[in-house]
Amino acid sequence: ETGVTQSPTHLIKTRGQQVTLRCSSQSGHNTVSWYQQALGQGPQFIFQYYREEENGRGNFPPRFSGLQFPNYSSELNVNALELDDSALYLCASSERRGPGNTIYFGEGSWLTVV
Amino acid sequence: AQRVTQPEKLLSVFKGAPVELKCNYSYSGSPELFWYVQYSRQRLQLLLRHISRESIKGFTADLNKGETSFHLKKPFAQEEDSAMYYCAQGYIFGTGTRLKVLA
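Chains E and S are the protein sequences, given in the same order.
Read in the working numbering, the first sequence has 83 at position 83, and its numbers run on one by one without any break.
Convert by adding 114 to the 1-based position in the second sequence; the result is the number in the working numbering.
The set of hints was computed from the structure by calculation and includes no laboratory data.
Because the structure is a prediction, the values reported are computed rather than measured.
Hints may be right or wrong, so weigh each one.
If you anchor each label on the Cβ, the simulated ranges turn out as follows [to be verified]: (1) E:Asn79 / S:Ala217: 22 to 32 Å; (2) E:Arg51 / S:Leu124: 38 to 48 Å; (3) S:Pro189 / E:Phe69: 45 to 55 Å; (4) S:Gln159 / E:Val114: 23 to 33 Å.
Even glycine gets a Cβ: it sits at the ideal position worked out from N, Cα and C.
Given these sequences and hints, build the entire structure.
Next comes the structure, spelled out in structure tokens:
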């Protein structure tokens with residue numbers, strides 16, 4: 001069984017640029033969630049995708065967008081990067097959608113915005 | 115808005131002592147509560163969930179709807195329990211408590 005994998009592991013971007021982060025869900029999981037974790041904070045829910053549709057969104061502006069593909073892999077796109085976007089971005093997958101299901105995390109992508 | 119509160123950033127206990135990591139949630143409906151753990155250099159992973167009412171690695175968590183709490187407990191801490199612990203209600207995570215078990 002393959003776990004959740006994310007790429008890249010680290011990247012540095014300049015303020016105003018755009019970034020795409022990628023995630024492959026765990027085998028058999030059709031739901032992917034994305035979280036932002038700033039230093040010293042807990043993960044903050046960005047959004048969830050289920051069968052290629054957004055299935056819930058946290059308190060993040062529209063410049064945070066996502067995609068899910070037919071193989072259930074996913075992308076997180078962030079436009080017009082700001083310094084405060086510097087954080088660890090976690091992808092998590094689950095067998096079913098909804099907040100009551102156990103989620104399995106990837107190791108994350110560290111984004112630094114300079 | 116839903117909120118999960120973990121009042122302690124750091125909790126240090128001696129090996130063999132009891133541990134209680136506090137968690138309070140704000141939602142008044144039927145909560146979906148979890149404890150996640152992150153050991154050093156490992157990914158965040160599920161420790162336990164309230165609906166399964168099981169004990170994992172000696173940890174238990176009791177849901178108290180009256181106090182809106184879901185505290186994590188273990189009667190005798192082990193050094194390998196040292197980690198970061200996050201309480202979550204659905205998609206909402208607390209800020210975490212770092213547990214250090216001292217020899």
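Kindly indicate which numbered hints from before are broken by the structure, ordering the numbers from low to high.
As far as the earlier hints go, only 1 is violated by this structure.
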